[in-house]
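Peer 1: So the chains spell out like this:
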Amino acid sequence: AQSVTQLGSHVSVSEGALVLLRCNYSSSVPPYLFWYVQYPNQGLQLLLKYTSAATLVKGINGFEAEFKKSETSFHLTKPSAHMSDAAEYFCAVSDQGYSTLTFGKGTMLLVSP
Amino acid sequence: DTAVSQTPKYLVTQMGNDKSIKCEQNLGHDTMYWYKQDSKKFLKIMFSYNNKELIINETVPNRFSPKSPDKAHLNLHINSLELGDSAVYFCASSPFGTGGPNEQFFGPGTRLTVL
Numbered sequence: 001a002q003s004v005t006q007l008g009s010h011v012s013v014s015e016g017a018l019v020l021l022r023c024n025y026s027s028s029v030p031p032y033l034f035w036y037v038q039y040p041n042q043g044l045q046l047l048l049k050y051t052s053a054a055t056l057v058k059g060i061n062g063f064e065a066e067f068k069k070s071e072t073s074f075h076l077t078k079p080s081a082h083m084s085d086a087a088e089y090f091c092a093v094s095d096q097g098y099s100t101l102t103f104g105k106g107t108m109l110l111v112s113p
Numbered sequence: 114d115t116a117v118s119q120t121p122k123y124l125v126t127q128m129g130n131d132k133s134i135k136c137e138q139n140l141g142h143d144t145m146y147w148y149k150q151d152s153k154k155f156l157k158i159m160f161s162y163n164n165k166e167l168i169i170n171e172t173v174p175n176r177f178s179p180k181s182p183d184k185a186h187l188n189l190h191i192n193s194l195e196l197g198d199s200a201v202y203f204c205a206s207s208p209f210g211t212g213g214p215n216e217q218f219f220g221p222g223t224r225l226t227v228l
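Line order of the protein sequences matches chains A and B. Position 89 of the first sequence, counting from 1, maps to 89 under the working numbering, and the rest follow consecutively. Position 85 of the second sequence, counting from 1, maps to 198 under the working numbering, and the rest follow consecutively.
Any given hint could be a false lead.
Below, in silico cross-link-like pairs of lysine-lysine (DSBU-like), each with a Cα-Cα straight-line distance of 35 angstroms or less [what the hints assert, rightly or not]:
hint: 1; chain 1: B; residue 1: Lys122; chain 2: B; residue 2: Lys157
hint: 2; chain 1: B; residue 1: Lys132; chain 2: A; residue 2: Lys58
hint: 3; chain 1: B; residue 1: Lys165; chain 2: B; residue 2: Lys184
hint: 4; chain 1: B; residue 1: Lys122; chain 2: B; residue 2: Lys132
hint: 5; chain 1: B; residue 1: Lys180; chain 2: A; residue 2: Lys105
hint: 6; chain 1: B; residue 1: Lys122; chain 2: A; residue 2: Lys68
hint: 7; chain 1: A; residue 1: Lys68; chain 2: B; residue 2: Lys149
hint: 8; chain 1: B; residue 1: Lys154; chain 2: B; residue 2: Lys122
hint: 9; chain 1: B; residue 1: Lys149; chain 2: B; residue 2: Lys165
hint: 10; chain 1: A; residue 1: Lys105; chain 2: B; residue 2: Lys184
hint: 11; chain 1: A; residue 1: Lys105; chain 2: B; residue 2: Lys149
Derived CB-CB ranges, DEER-like [claimed, not checked]:
hint: 12; chain 1: B; residue 1: Pro208; chain 2: A; residue 2: Ser80; range: 30 to 36 angstroms
hint: 13; chain 1: B; residue 1: Met128; chain 2: A; residue 2: Ser12; range: 35 to 41 angstroms
hint: 14; chain 1: B; residue 1: Lys180; chain 2: A; residue 2: Pro113; range: 46 to 52 angstroms
hint: 15; chain 1: B; residue 1: Pro174; chain 2: A; residue 2: Gly62; range: 29 to 35 angstroms
Hints were generated in silico from the structure; no laboratory data involved. Ideal Cβ placement from N, Cα and C applies to all residues, glycine included.
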């Protein structure tokens, strides 16, 4: 069975500061990993995905994530936060057999001026 | 040019009623899904259809019945609504590929409130 743990239900940063959202996964097979963003009252939008190619994955809006097998982690980072980054972020894992995603509980990113 | 659309956006109803939520995608994808997001924002898969056939049915009460008339549509019918059914329901779609999971495209969600 797969699972995802996102550390911290809320993360607060100042505008211009580094964003770090943590995700650890558990999977019995090499995983596919995703980060999605959900803006208020909207559906989820894919930020980036890891599918066993490069371990450092670049996504939209300046976000990137690094797959670290030894740490079973896939943390999301952005060098400089913008007010428009304030949203809920979800890490998700899938195995190779199906497209079903198992989501973490989400991390709300708060950005202050 | 909406990719995945859902109707209605909001649904308020009484306990015991029966209601349906509709989903349509114009992306030409083969696979569609229903997810439930609870009040704590936790997202959980409910159903998955590939080319109109049910391929995943998680532990969901049988009051919930998905129907896929064609591969562009996946509707969700809920009988005898209960308070605990209040949630946001998301439809999603993805292409079907043998190379592994593909990106899922989500609809805007339907906020169901059961009174």
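Peer 1: Look at each hint and say if it fits the structure.
Peer 2: Each hint tested on the structure:
A hinted pair counts as satisfied when its Cα atoms are at most 35 angstroms apart, and Lys122 of chain B with Lys157 of chain B qualifies at roughly 19 angstroms. Between the alpha carbons of Lys132 of chain B and Lys58 of chain A the distance comes to roughly 41 angstroms, so the proposed pair goes past 35 angstroms and is violated. Between Lys165 of chain B and Lys184 of chain B the alpha-carbon distance is near 5 angstroms, which keeps this suggested pair within the 35 angstroms criterion. Only pairs whose Cα atoms come within 35 angstroms are accepted, and Lys122 of chain B paired with Lys132 of chain B is accepted, the gap being roughly 13 angstroms.
Distance restraint check for Lys180 of chain B and Lys105 of chain A: the Cα-Cα separation of roughly 28 angstroms lies within the 35 angstroms cut-off, and the hinted pair is therefore satisfied. For the given pair, Lys122 of chain B sits about 39 angstroms from Lys68 of chain A by alpha-carbon distance, which is inconsistent with the 35 angstroms threshold. With a CA separation close to 30 angstroms, the supplied pair Lys68 of chain A and Lys149 of chain B stays within the 35 angstroms bound. In summary, the hint linking Lys154 of chain B to Lys122 of chain B is supported, as the alpha carbons are separated by about 17 angstroms, within the 35 angstroms threshold.
Taken as a hint, the Lys149 of chain B and Lys165 of chain B pair is honoured in the structure, with Cα atoms around 20 angstroms apart against an allowance of 35 angstroms. A C-alpha spacing of about 30 angstroms is found between Lys105 of chain A and Lys184 of chain B, which places the hinted pair at or below 35 angstroms, so the restraint holds. The suggested pairing of Lys105 of chain A with Lys149 of chain B holds, with an alpha-carbon distance near 13 angstroms, which does not exceed 35 angstroms. Look at Pro208 of chain B against Ser80 of chain A: about 34 angstroms separates their beta carbons, and that is inside 30 to 36 angstroms.
In this structure, Met128 of chain B and Ser12 of chain A meet the distance hint of 35 to 41 angstroms, their C-beta atoms being roughly 39 angstroms apart. Here the CB-CB span from Lys180 of chain B to Pro113 of chain A is close to 48 angstroms, well matched to the stated 46 to 52 angstroms. For the hinted restraint 29 to 35 angstroms between Pro174 of chain B and Gly62 of chain A, the CB-CB distance of approximately 42 angstroms leaves it violated.
In the structure shown, a violation is registered for the earlier hints numbered 2, 6, 15, in ascending order.
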